[in-house]
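Okay, here's what each chain looks like letter by letter:
4 protein chains.
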Amino acid sequence: MNMISRDVIAAENARREGALKSDYAHLGEQLARRGIDIDAVKRKVAAYAVAVPSWGVGTGGTRFARFPGAGEPRNIFDKLEDCAVIHELTRATPTVSLHIPWDKVSDLGALKEKGAALGLGFDAMNSNTFSDAPGQEHSYKFGSLSHADAATRRQAVEHNVECIEIGRKLGSKALTVWIGDGTNFPGQADFTRSFERYLEAMKAIYRHLPDDWRIFSEHKMFEPAFYSTVVQDWGTNYLIAKELGEKAYCLVDLGHHAPNVNIEMIVARLIQFGKLGGFHFNDSKYGDDDLDTGSIDPYRLFLVFNELVNAEERKAEGFAPAHMLDQSHNVTDPIESLMRSATEVCRAYAQGLIVDREALAGYQDDNDALMASETLKAAFRTDVEPILAMARQEAGGAIDPVAAYRAAGYRTKVANERPAVVGGGGGIV
Amino acid sequence: MNMISRDVIAAENARREGALKSDYAHLGEQLARRGIDIDAVKRKVAAYAVAVPSWGVGTGGTRFARFPGAGEPRNIFDKLEDCAVIHELTRATPTVSLHIPWDKVSDLGALKEKGAALGLGFDAMNSNTFSDAPGQEHSYKFGSLSHADAATRRQAVEHNVECIEIGRKLGSKALTVWIGDGTNFPGQADFTRSFERYLEAMKAIYRHLPDDWRIFSEHKMFEPAFYSTVVQDWGTNYLIAKELGEKAYCLVDLGHHAPNVNIEMIVARLIQFGKLGGFHFNDSKYGDDDLDTGSIDPYRLFLVFNELVNAEERKAEGFAPAHMLDQSHNVTDPIESLMRSATEVCRAYAQGLIVDREALAGYQDDNDALMASETLKAAFRTDVEPILAMARQEAGGAIDPVAAYRAAGYRTKVANERPAVVGGGGGIV
Amino acid sequence: MNMISRDVIAAENARREGALKSDYAHLGEQLARRGIDIDAVKRKVAAYAVAVPSWGVGTGGTRFARFPGAGEPRNIFDKLEDCAVIHELTRATPTVSLHIPWDKVSDLGALKEKGAALGLGFDAMNSNTFSDAPGQEHSYKFGSLSHADAATRRQAVEHNVECIEIGRKLGSKALTVWIGDGTNFPGQADFTRSFERYLEAMKAIYRHLPDDWRIFSEHKMFEPAFYSTVVQDWGTNYLIAKELGEKAYCLVDLGHHAPNVNIEMIVARLIQFGKLGGFHFNDSKYGDDDLDTGSIDPYRLFLVFNELVNAEERKAEGFAPAHMLDQSHNVTDPIESLMRSATEVCRAYAQGLIVDREALAGYQDDNDALMASETLKAAFRTDVEPILAMARQEAGGAIDPVAAYRAAGYRTKVANERPAVVGGGGGIV
Amino acid sequence: MNMISRDVIAAENARREGALKSDYAHLGEQLARRGIDIDAVKRKVAAYAVAVPSWGVGTGGTRFARFPGAGEPRNIFDKLEDCAVIHELTRATPTVSLHIPWDKVSDLGALKEKGAALGLGFDAMNSNTFSDAPGQEHSYKFGSLSHADAATRRQAVEHNVECIEIGRKLGSKALTVWIGDGTNFPGQADFTRSFERYLEAMKAIYRHLPDDWRIFSEHKMFEPAFYSTVVQDWGTNYLIAKELGEKAYCLVDLGHHAPNVNIEMIVARLIQFGKLGGFHFNDSKYGDDDLDTGSIDPYRLFLVFNELVNAEERKAEGFAPAHMLDQSHNVTDPIESLMRSATEVCRAYAQGLIVDREALAGYQDDNDALMASETLKAAFRTDVEPILAMARQEAGGAIDPVAAYRAAGYRTKVANERPAVVGGGGGIV
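Residue numbers (this note's numbering), protein chains in the order written: chain E, 3 to 431; chain B, 3 to 431; chain Y, 3 to 431; chain G, 3 to 431.
Please keep in mind that the hints were generated in silico from the structure rather than gathered at the bench. Warning: the hint list may mix true and false statements.
Copies of the same chain look alike in the list, so a pair counts if it fits in one copy or across any two.
Subject to a maximum C-alpha distance of 30 angstroms in a straight line, what follows is the list of computed DSSO-like cross-link-like pairs (lysine-lysine) [claimed, not checked]:
{"#": "1", "residue 1": "K277", "residue 2": "K244"}
{"#": "2", "residue 1": "K143", "residue 2": "K415"}
{"#": "3", "residue 1": "K143", "residue 2": "K379"}
{"#": "4", "residue 1": "K244", "residue 2": "K317"}
{"#": "5", "residue 1": "K116", "residue 2": "K175"}
{"#": "6", "residue 1": "K249", "residue 2": "K277"}
{"#": "7", "residue 1": "K106", "residue 2": "K415"}
{"#": "8", "residue 1": "K249", "residue 2": "K171"}
{"#": "9", "residue 1": "K277", "residue 2": "K171"}
{"#": "10", "residue 1": "K379", "residue 2": "K46"}
{"#": "11", "residue 1": "K244", "residue 2": "K205"}
Just chain E, with the same shape it has in the complex (with noise of 0.2 angstroms):
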């Protein structure tokens, strides 16, 4: 089952074969200079994947306003099509990451099917306790996991237990926890209570979770809440991940720090202390503003990904990531910019591949500090497109996924069989 038709990916390809076979063979050549074998390169990048989100396929907003798209997917079935595209054009995601109760259906085995009919399996699982859902019992306006109330804390236990419960069955493997949980005030909870709570209510989730499973908790330092938030940074993140056992593991979404923190560093020490479970992708200028991946810093995203080829190389004991894209798409096309978000993983990806990470070592033991960063730069500065590219076209991919889509009209397409959604959130995490 073909969302993008395969003929209208050859046309496009075809007028950019020509190009790229000359780009690749040139790439390869100054690689080889450098004593790198560009298809084993290019192994790697398509043998990676990174998952998409299944709200991310909607339109997003700000508090002030969204402004819908065209065709915007109405139901999980009409996001798992957009999905669908984006992995047909870029080769790179195929898995697709749920929202709970967002995809909540009836059929749990029709939604199996459609993935596999579509050729897409169901990543980490994601409970949502930041917003109240039609008829719940307990408000989460004052916190969930961390609530000061037993009941509301119960509830929210056992929605993540649903969550789980759910992903069993499409396959899934992990679940995902990120809470609004914080305060707005000086004084309007008590800090070690409320973690108190929160860890004994994680405990409780743990519990229900199969011994191949892991659990994701997902650390932000503002926003919902505004003075303070229960799990505001990697410190309690690692808090969480130790005090729960082996399963746990910390996610990092890369938009979720302070100013100039430096995150490729973070990433490193959760790496060494065997916690790092994975990451949300996406970029931004201020907060957590959830742009598209390495649009704003993509060097800050490179460093990231020589942080994780480096543990990969080396082996490090424990290190099995788990990639996701995690943006919100106000202005643009969402299947457009996780398209292009997903190239720009692999691009990072590549780019780290081809690190001379032996040169780099012996620098950094001279403190030779020009040479190990322009070691660096080096690699980020190589243009991998190509190798990307080749990778896409020989997994039946576009050369150019965004050329590709618009040339097959499938927004148009979309837009006249579903109708505009007005107004409503987003729901972006």
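Go by the hints and put chains B, Y and G onto chain E.
Leaving out everything else, chains B, Y and G in the frame of chain E:
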């Protein structure tokens, strides 16, 4: 027409009167030692007023969720009643600032009468081109006054002109223009052409401004745009006011600056160059958090008022700033938050009034940094609550506004009369 | 042995005694209304102490310049005299914290005697591996405890061991380790290997720590390293203390965090997990500005003390933090700055003591965010200066330390005795 | 007069020539596909120049320590030789910017001759009133051009006038004024009076400015002042340039802004209003870190150049910015850091030149945010190193400047000739 029973206020005050008299007397004695007449300070505080934003009495939210409160106002008439409660208890908020189209009504005469009956006047008008109104021809998804499309800009200009027209009928004397225009990605817009279009559109609005009106432009670093914002800081804001003319001024929202920025210095600069139009008071820790004024960094609020009182006392040319609260009340009763915030600005004003400016100037000239800073701290440390409470009581308000409000049972009463508002954004500037 | 004449203090106090008595009495009446015994608060404040850093009594500077003050101390004996002045007037700083090698002397017995004669004890020892001492074999240009070279690490370990030895002879019971190790460029060092080396070196130091000593590691976001810092935040700091063992604790310097970070929450976390070692108090607006404590954001200081008093009152396990000032006095008389800073920490402590914790807990359990935050603000707004002044006076100190200090003419006196120090860094941690 | 042997350069280039030709040819083919003539780009790059600061060739430091390097220049003659090395190898730095009094000499004629012999001209003069020179009558501890004392201000004015005089004799055409004036504590100075005094002093300097000179004022958020800075941001800087007159312009140092600030937008605004004077290039992560240009966030540097090329191509009125590096080299060989930084600005310029501006404008007008941002990214992703290297080689420089420099053994040579400089600040703006 009273929203809060005079009897309730009287009964509540009676319980606190003795302590207040004692505290006021002792504070008077303390201030007298410093050569300050407490009654003179009280008179100035009693004459001080800050406007309440109509949208502030509704419960706010974030892009993740809005958790409605009980008895939320259904329309501008309900909002005026809530605003009246605030003024009756604090005696510090005699005017309301409207937001169009949210507060648009068919019968402006009825609205004006309602205000008069409640003892409320109408402050600056606020236009809205940061969200799309139902049925609007051109969307503001990609901007309004700076939009690439001339028809969209024209529509935005016309909306602002309409705001002026409405304001004229209500007795307002100012228009506040805050736009969300900006971009999420490098390259999305040309900074220069966008700003040229913005200036052109503002000039068109300015041409409709009555002679006895002022127009306030408001800067903001980010949100809803996450890469660039057209009116991003006071530098750009100053250029706008300068380009427009003598009726144009800059509005300062305390939460709209980059991290660590010295806001009181910006206030001083705008005063010095004759372009300080006024304030949107609130407090924040991370971004435009819109928390209750003075709740996070009360000393910063004091330092802003230190500049204002300084300008007032030296009769700085053209100095006549408009004061308004602008907050988002996500976890508190909005009426309570606005009452205490009104109190906080009065407090900062009173503390500013008791700064020993002659001594301060002497320390400054002598480069006695320690005593200069201690001079400000001494004023800030003084607990001026007795002055505020006495001013309120003498004007018919409550010694303890929140306590009196709770005793009066207003929220319970309106909760019975007004059905719950589910979903929908709060539209918080 | 008195550095400040008792007569001067007595004369200065005599002029202020009447007002103090009146203010203390009225504050007692106010607090009694809230169920608080002012004398009990005063007794706690009188028992409170904060250490003074030996390097704090010299004039500090920036990388651009250091502008010497008059009468700067020439050596640790002069510094002790200056520290004695601070304690005599404030009665709040009975101990001094030394920095090696700056305070190294050939005759430790003489140093201990001098301290005893001045009524001063010796607090935590501070090592210095962030600058090179004359004649040092291996340079710390590229790191110390985490240096790539084993001999350099060994030298740094030995220096710390020497600090312990010196401290043992002086009666100190703790070693504070702050290092500047880090990098200026991506790639300059391997995050993981650097931290492994650091941990190994710290373990070597730890093995030399006497049983009744504690070791404090101190985190800092940046400076002197401008891309990455080995001990960059409390997360890494916690991991260090955990790896080292039960005598290892985390030190929190208020100026060492990323912009906007909620420091009081970090304090609460470290208390909860038994690893809060103590503080370096100061204030800051931008980075590690090392300004006088409480001079920029006094409410933040109060919120930190709110956590400390909370832990003290609930007798949190293992809670026994060390308190020290750590500031750079570039434009004030260091003695004056340290006196007022000592007063500010006493003030925050006193304000923490008068928080109505029972009411606060009730508001927290009821999610009454407004009244919870007002409960803290009510304590903060209370002008507790009469309590502090009375405690000082009763202990033989000055009602107004700065006024008494100036009246005593100490600075003029030492300016005549001590030749001007030109150039040279101040060595400010 | 060559500092680096032509033979060494030739030999080094010979080893890289083959690869360069191949890479240049292929890049030419790629660019031709996009309609770009690589030779035309190369010619513009070859004509591009950035000034080197004389103080940049010494090793910098922090307030904690300075770790000297080998063979540091002893005086301005040594510095000129080091600067000549940079230019000989990069062919991009034909001028040097002096700092007075550090570079003051008795025989200006000899200095000018030395520059001429080395093929170097003299760029903007830099005054220094942020530190005290030996024997100076009035100290700048509490300010210079804004000092409360008129005699101190006069001395600072006279120093700037002297800088102009020296510059006239050397052929400079501009004066850069950066002052450290500001305060460490609220209240220490009156913002308004300080700025009035500053403006008055600058006007006095301006009156001495030759007709064919420009004066650049430079803003900075903080450091060495940690509460307020007189020229704190571009808003104030613009006011200064406006007040002074048409020869006055604003200088932008990339590291002098608040966290998260959009610097390229400030650049665009200053261009639009005719007041962009030039740049101090460097990179930073936290504050004014003064790291090597492009080493932390190369995309940001590109975005700045995107504005510059845009202005250049549309021939913006009055657009003629001065370009200078301004860095502190604490852990690298200063010559190496300056060479690669010169290369980085050339790189950003080249990338700016290959932006498809026609396509970009079209996407902007269509609100095609994705393709607009991809248009910039496409230029940035292009590895333009072959253009830079070819331009250097053709002008007689090195294909790989750092490699050639190391091969030439210059540092070893001067280390033998120049005795080590111990202590002393580096004086980094």
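Here's how the hints hold up against the structure:
Taking the shortest Cα distances, K277 and K244 sit within 30 angstroms of each other both inside one copy (8 angstroms) and across copies (15 angstroms). Taking identical chains as interchangeable, the C-alpha atoms of K143 and K415 lie at most 30 angstroms apart only when they sit on different chains, with a minimum of 22 angstroms there against 40 angstroms within one chain. Only between protomers do K143 and K379 lie at most 30 angstroms apart by alpha-carbon distance; the minimum there is 23 angstroms, versus 47 angstroms within a single protomer. In this assembly of identical chains, K244 and K317 lie within 30 angstroms of each other by CA distance both inside one copy and across copies; the values are 22 angstroms within and 25 angstroms between.
In this assembly of identical chains, the alpha carbons of K116 and K175 lie at most 30 angstroms apart only when taken from the same copy (19 angstroms versus 60 angstroms across copies). Proximity of K249 and K277 under a CA criterion of 30 angstroms is satisfied in both settings, with 9 angstroms inside one chain copy and 25 angstroms between copies. With identical chains, the CA atoms of K106 and K415 are at most 30 angstroms apart within one copy only, with a shortest distance of 26 angstroms there and 38 angstroms across copies. With identical chains, the CA atoms of K249 and K171 are at most 30 angstroms apart within one copy only, with a shortest distance of 20 angstroms there and 49 angstroms across copies.
For the identical chains of this complex, K277 and K171 are intra-copy neighbours only, at 26 angstroms inside a copy versus 43 angstroms across copies, given an alpha-carbon limit of 30 angstroms. When the C-alpha separation of K379 and K46 is checked against a cutoff of 30 angstroms, the pair qualifies both within a copy, at 21 angstroms, and between copies, at 24 angstroms. Taking CA atoms no more than 30 angstroms apart as the test, K244 paired with K205 passes in both settings, with 11 angstroms inside one copy and 22 angstroms between copies.
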